[in-house]
Every structure is written in structure tokens, then in C-alpha cells.
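Enquirer: What follows is each chain in one-letter form.
2 protein chains.
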Amino acid sequence: MRILLIHSDYLKYKTKSKTRIAEEIPEDKKQGEYENALVVFTAVEKEDEKNPDIIVENAINEIKDVFGKVGAEIVAVYPYAHLSSSLSSPDMAKQILTNMETGLANLGVNVKRVPFGWYKSFEVACKGHPLSELSRTITDEKPEDASEESKEESEPAKS
Amino acid sequence: MRILLIHSDYLKYKTKSKTRIAEEIPEDKKQGEYENALVVFTAVEKEDEKNPDIIVENAINEIKDVFGKVGAEIVAVYPYAHLSSSLSSPDMAKQILTNMETGLANLGVNVKRVPFGWYKSFEVACKGHPLSELSRTITDEKPEDASEESKEESEPAKS
Ligand SMILES: [Mg+2]
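If you read the protein sequences in the order shown, they are chains B and V. Okay, so the first sequence: first residue is 1 according to this note's numbering, each after it adds one. Okay, so the second sequence: first residue is 1 according to this note's numbering, each after it adds one.
Hints are computed from structural coordinates only; laboratory data are not their basis. Among the hints, a few may not be true.
Note: identical chains are not told apart, hence a pair may lie in one copy or across any two.
Stated by the list, open to error - Once the Cα atoms are required to be at most 30 Å apart in a straight line, the calculated DSS-like pairs of lysine-lysine come out as: (1) Lys30 - Lys46; (2) Lys112 - Lys142; (3) Lys14 - Lys112; (4) Lys30 - Lys127; (5) Lys94 - Lys12; (6) Lys16 - Lys46; (7) Lys64 - Lys12; (8) Lys69 - Lys16; (9) Lys112 - Lys12; (10) Lys69 - Lys12; (11) Lys18 - Lys69; (12) Lys16 - Lys94.
Put together the whole structure using the sequences plus the hints.
Expert: See below:
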């Protein structure tokens, strides 16, 4: 799983039209607007299909860590296929994204999940402080096995 | 090279603070605002160091193709390390990004390049039509050698 975490002044989105893999959504999910949001653009990858529960757990731990550090008020889990060229099946992606939402909510985090499989317009305003843009590769390693390499990647690398 | 192309109503950015790899910039590059912009978030990768000129040429061709299709008025080349976990050296990245800017300008495209190596706040408004978000992997293959695989990846894949 690849995630891109943006600490934003706001995120707004509107669903425009369905793709062939669109999930059914109620009227009130057709648009959303969240202030002081940690937006988690997420690509679920082929590899994540092996151990989805550990992927979800590790993703939640990373998100919760950053959420606490930056002082955001809400997490917006935003499906984002463009972060990877090796995607999981759409069904697996929907399941994992839903489990991320549920898991974060169970930890008491205010969390919303943006609809999967729709063309959407969106606006995002990234705050620009050093922790306001971070990317992570989430693997199925247990956190205590995390290699030096993955720790290095977790530093803010800028260009 | 990984690129993420966003056809936007607008892009705004402001430089906030330097990283250790920041380029020197004149006062008028410290912020920018562009309307109806094709924003090209770009990660220059290790592999691109082998044949940088072909990478630049292939990137320009991809960008020009999308630019024409979506009817944007300006291209904003935006350095974006977070699209890859295998980055080139910062010097190579700056060189390639600069050459992309120059090459597009030489083709008559209105193009701006966002500063490299700065923490920046930004706002972007993605239009949401089917071609308004596309990602590409740019390799050093000549276009006529492009495999079926890379053609498939060029279809809009949504989640
Ligand atoms: Mg990748």
C-alpha cells in the first residue's frame, strides 16, 4: 500500500460520474468538505492481498501517528489509484479502505472515507509545514521487524 | 519517472522554508497562481539517470498530448518526490525538471516550473472529468517500442 498524507486547511470533493467499479453511495456521500483534515490518499496494491488485516493495522498505526503529530481534526481516507502501478482488485481495495475507516473510528478518530470508483472533482489546500506532506509504503511486516530502510523512507523527503 | 497530471481550475503555491536541497529562486518565484492549469506532479527516479535526454523527450510528449486533449492553458511542472520510493539525485532531478520546462517552452507551450527543494503550501482544484487525473510511468524506451503494457497503463485507471 502506498499512502500520501496531506495535512490540509481543507478538503472538498464532489462525485461527478461513476466508473465501472463504483461503489453505491447514499446521497450524503456525494460531496464532502472537511477542515483541518489529514487527507490520506491511498493506493491498495496487489501485494496487500496476502495479509490484508496486517496491512490495515499498519496503515492505521501510521495514520494515527501522523494525525497526532500534526494536530488535524479529521482523517479523510481518499482512494487514489495513481500512487501505484500495481493495484489490488477493486473488491479488495474497497474492503481494505472500509476496514481502515472502521479501525480508525474504533480508536476514537474522527474519520470519513471518500467514495471509491467515482470520478470526482476535489480541492485540497496543503498547509506547507514540514510534516504536511508525507508518503509511506505500508507492508505486512510487523512494526518491530521494520528495517532501517523503511525507517529512512519515513523521514520527510522533499523535492 | 512517475508523473501525476491534474487538470485543475487553479493551482496556487507559496514557498515556506528551504530544505537542504533547495534551489535558489528569485522573488517572483516564491509564489504562483495559475488558472486552467495542467499540473504535472513529477518524481524523477534513479533509473532516469541512465538516459535523461530520452526521459525528458518522452515526458514532454506525454504532457503535450494530455495538454492538447484537456484544453488547459498552462502547464505547471511541480516537483513531487512522494510519487516514488526510488528517487534520482537532487541535482539530476533539478536538471531534468529544468529541461522539461525548456523543452515545453520551445514547443510553444505556456509553462511554469514550481521551485525544487522548498516546503510549500499549495492549493489545487481538480476538475473531475475523466481525463483530469492521469498518472504515467515514463521510461527511456523510444515511443515506437512502447509495449502493450505501458499502453494499458495509460488508460485512466480510477479508484
Ligand atoms: Mg512505485
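Enquirer: Checked against the structure, which of the hints given earlier come out wrong?
Expert: Hints that this structure does not satisfy do not exist here, as all of them hold.
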